[in-house]
Amino acid sequence: MHSTHVLVCGGTGCHSSEGDKIRELLAEKVKEKGLDGHIKVILTGCFGLCESGPNIVIYPEGIFYSHVKLEDVNEIVEEHLQKGHVVKRLLFKESYVDGVIKPVNEINFYKKQTRVALRNCGLINPENIDEYIALDGYQALSKAVTEMTQQEVIDLVKTSNLRGRGGAGFPTGKKWETAFKYSADQKYVICNADEGDPGAFMDRSILEGDPHSVLEAMAICGYAIGANQGYVYVRAEYPIAVHRLEVAIEQAKEKGLLGKNIFGTDFNFDIELRLGAGAFVCGEGTALMESIEGKRGMPRVKIHRTSHKGLWGKPTIINNVETFANIPVIFQKGVDWFRSIGTKDSPGTKVFALGGKVKNTGLVEIPMGVTLRDIIFDIGGGIPNDKKFKAVQTGGPSGGCIPEKYLDISVDFESLAELGSIMGSGGMVVMDEDNCMVDIARFFLDFTVEESCGKCTPCREGTKRMLETLERITKGEGTLENIDTLESLSGTITIASLCGLGQTAANPVISTLKYFRDEYEAHVNEKRCPSGTCQSLLEYFITEKCIGCTKCARNCPVSCISGEIKERHVIDTEKCIKCGTCMEVCPAGAVIKK
Amino acid sequence: MEFQFDLEANKEKIKNFKIFIEKNKGKQGALMAVLHKAQDQFGYLPKEILNVISEELKIPLSEIYGVVTFYSRFSLIPKGENQISVCLGTACYVKGAQKILDKVEEELGITVGGTTPDRKFSISDTRCLGACGLAPVLVVNEDVYGRLKPEDVKEVLDKYR
Chain A
2 MHSTHVLVCG
12 GTGCHSSEGD
22 KIRELLAEKV
32 KEKGLDGHIK
42 VILTGCFGLC
52 ESGPNIVIYP
62 EGIFYSHVKL
72 EDVNEIVEEH
82 LQKGHVVKRL
92 LFKESYVDGV
102 IKPVNEINFY
112 KKQTRVALRN
122 CGLINPENID
132 EYIALDGYQA
142 LSKAVTEMTQ
152 QEVIDLVKTS
162 NLRGRGGAGF
172 PTGKKWETAF
182 KYSADQKYVI
192 CNADEGDPGA
202 FMDRSILEGD
212 PHSVLEAMAI
222 CGYAIGANQG
232 YVYVRAEYPI
242 AVHRLEVAIE
252 QAKEKGLLGK
262 NIFGTDFNFD
272 IELRLGAGAF
282 VCGEGTALME
292 SIEGKRGMPR
302 VKIHRTSHKG
312 LWGKPTIINN
322 VETFANIPVI
332 FQKGVDWFRS
342 IGTKDSPGTK
352 VFALGGKVKN
362 TGLVEIPMGV
372 TLRDIIFDIG
382 GGIPNDKKFK
392 AVQTGGPSGG
402 CIPEKYLDIS
412 VDFESLAELG
422 SIMGSGGMVV
432 MDEDNCMVDI
442 ARFFLDFTVE
452 ESCGKCTPCR
462 EGTKRMLETL
472 ERITKGEGTL
482 ENIDTLESLS
492 GTITIASLCG
502 LGQTAANPVI
512 STLKYFRDEY
522 EAHVNEKRCP
532 SGTCQSLLEY
542 FITEKCIGCT
552 KCARNCPVSC
562 ISGEIKERHV
572 IDTEKCIKCG
582 TCMEVCPAGA
592 VIKK
Chain B
163 MEFQFDLEAN
173 KEKIKNFKIF
183 IEKNKGKQGA
193 LMAVLHKAQD
203 QFGYLPKEIL
213 NVISEELKIP
223 LSEIYGVVTF
233 YSRFSLIPKG
243 ENQISVCLGT
253 ACYVKGAQKI
263 LDKVEEELGI
273 TVGGTTPDRK
283 FSISDTRCLG
293 ACGLAPVLVV
303 NEDVYGRLKP
313 EDVKEVLDKY
323 R
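Respectively, the protein sequence lines represent chains A and B. Heads up, the first sequence is in this note's numbering, so the first residue is 2 and it goes up one at a time. Heads up, the second sequence is in this note's numbering, so the first residue is 163 and it goes up one at a time.
If you are wondering where the hints come from, they were derived from the structure by calculation, not from laboratory data. It is possible that part of the hints are untrue.
[Unchecked claim] Covered by chain A, per the in silico footprint, the following chain B stretches (three or more residues, Cβ under 8 Å):
no., stretch
1, 168-177
2, 192-205
3, 227-234
4, 239-252
5, 277-290
[To be verified] Ranges of calculated distance between the beta carbons of each label pair, as one might list FRET restraints:
no., chain 1, residue 1, chain 2, residue 2, range
6, B, Leu-169, A, Gln-333, 52 to 62 Å
7, B, Glu-225, A, Lys-22, 20 to 30 Å
8, A, Ser-411, B, Asp-314, 51 to 61 Å
9, A, Ser-411, B, Asp-305, 33 to 43 Å
10, B, Lys-316, A, Pro-240, 19 to 29 Å
11, A, Glu-434, B, Glu-243, 19 to 29 Å
12, B, Thr-273, A, Lys-112, 40 to 50 Å
13, A, Asp-435, B, Lys-316, 52 to 62 Å
14, B, Lys-311, A, Asp-573, 38 to 48 Å
15, B, Asp-305, A, Ile-342, 25 to 35 Å
16, B, Thr-273, A, Lys-528, 52 to 62 Å
17, A, Arg-518, B, Asp-305, 53 to 63 Å
18, A, Lys-175, B, Lys-311, 42 to 52 Å
Even for Gly, the Cβ is constructed at its ideal location relative to N, Cα and C.
All chains, full assembly: derive it from the sequences and hints.
This is the structure we're talking about:
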């Protein structure tokens, strides 16, 4: 029996900063000191607090070390594991205040969270099925196939009122029932793991941290609707997730939890991986199916529901990773438990990928109904460098920017939609006073133009025209009519596009125009970028701090700076190409942009 | 820039690749898996290989090109020995990823999607690597560099020169 467990975060953030090597070295040292009998070192899924990685938690006490480096490993082993002295300098900043050490679960970041979809992430070794089973894994599947009828399974999901976490919030049970009631010789279950939203990584973390919960839920869905084949459509850009899914499928097959005659019944279910190849539109259900079929991922005109005619024309259920991750635990803990979390119409939790200008970037899971302010300022720790909060962008390219005055709204499907944004897959990017909202709108349009599949004209042509207009504005060549054009194009594209990508493409423009119109007007009327982002509208200027070292003049690529040695220099703004070299090289910090 | 595919030097790889196709032929929607495999094996999708796929899977070349050009991960020109991807996800963008990308392009003298003539480097822009806590992020092959500033770029690239 191991009395001490050392958990090393193996999420993408920590993995990228040598988390895996730290685990190896820890295990090696523990063995070297002869401690391997009672100390176990485990590489887990994401802990969520990516900002402070690589992270290590030592149980049973819950001592939380952050920003650990390879050279710190020795000290942790010799001081903490051997002698029982906590290495204070490595503790996470909030877990050591006024000489008191707080365990990991009492840190603000975790205290306000409710982990349902992420319940196993950061706790178990995702490459070991036994650890998942030890935490009641595959019990839900066993219960479903041996004790419940298909209708009973569907009714349970229906009464839980679980809504799709991929974006739109469609009731999951209702979707399953449609596929169940439609008779066909073959049906399919697809897990949408094509997380293309820029700024979102919750699906990635679930797949990497707890792949079995997704597989188990897919099998339950397969049983409920009468499908024997499932596909996980996962991004090839997520190599760790792909690897852990492969391992998990293999292990589940070995144990007979996938494959033929599951739990001795006549239910068969198999799961295959299909890799995406970098197309955002493939996150859209019908486009995703086209891609699995080996074609261009272009959305289909939806004459039929996919739960009637989906993959290869057969009834198909597509749910996203996070939706699936919720299923097994609802079976284990019951519908009442699930409905006691969150709000009446949106029960349960939502995982957000909190990023951008916020102190504690990372993965957070909160009950529905918590306010944006709680997420950004309490859990997220607020804006770094004493900057002012400007907006939070939710829902990726299909979402919108929410200004400060709405920070106290409750986060659920309906309230976000009312503000012109969406929950989306759960990306939440915080912006401060240095971010230009016109430029952010331009950034998203640039994304949409590149990712538009080109099948329908409003999206293909309309978004392109919008992007050109936004580019003109950010360059200072915009007019007031351009703003009108943007508004009229937004309307048309939203109404006339074929799929969700096009229908929501204008949202970043609509929401920034609604809440930050003054910034558009400053660009157009005064040829000024209030936040100092748009390069073409800036002017570089040398202040009195100049020491006359001539470094700027020597480095300027267009020789537009003049001045005598030891005297203040001057920039010829007519010639200046605004490359910013002078500002970079100035040793006195005398160059400013305004 | 023209890049030549050496059929003779890749003989063994092509043989193995044909075995892979043979195994996957019967599978519904095999084309995507075959293209992924080809890109893994040869580093890109040379037209000679696309011809092989067309013949073996009995899919017209035009249709294969249609699929290949649709997905950003598939490349018709060779990737460099060192593949650089700059993340242009929202979290990275608001923290200045564009300036990182500009600097990489300037340092290497090629633009996004290009490969240096000596095939030493290629650049691609990726959409969110899901490492937003480290924003802005640049990846060289498997190595991730986070929390970058434009002035760090040269030092990172020098490691691979």
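Each hint, compared with the structure:
no., hint, verdict
1, 168-177, "violated (count 0)"
2, 192-205, "holds (count 6)"
3, 227-234, "holds (count 5)"
4, 239-252, "holds (count 3)"
5, 277-290, "holds (count 3)"
6, Leu-169/B / Gln-333/A: 52 to 62 Å, "holds (57 Å)"
7, Glu-225/B / Lys-22/A: 20 to 30 Å, "violated (45 Å)"
8, Ser-411/A / Asp-314/B: 51 to 61 Å, "violated (41 Å)"
9, Ser-411/A / Asp-305/B: 33 to 43 Å, "holds (42 Å)"
10, Lys-316/B / Pro-240/A: 19 to 29 Å, "holds (27 Å)"
11, Glu-434/A / Glu-243/B: 19 to 29 Å, "violated (42 Å)"
12, Thr-273/B / Lys-112/A: 40 to 50 Å, "holds (47 Å)"
13, Asp-435/A / Lys-316/B: 52 to 62 Å, "violated (24 Å)"
14, Lys-311/B / Asp-573/A: 38 to 48 Å, "violated (28 Å)"
15, Asp-305/B / Ile-342/A: 25 to 35 Å, "violated (40 Å)"
16, Thr-273/B / Lys-528/A: 52 to 62 Å, "violated (29 Å)"
17, Arg-518/A / Asp-305/B: 53 to 63 Å, "violated (43 Å)"
18, Lys-175/A / Lys-311/B: 42 to 52 Å, "holds (50 Å)"
In summary, the numbered hints that this structure violates are 1, 7, 8, 11, 13, 14, 15, 16, 17.
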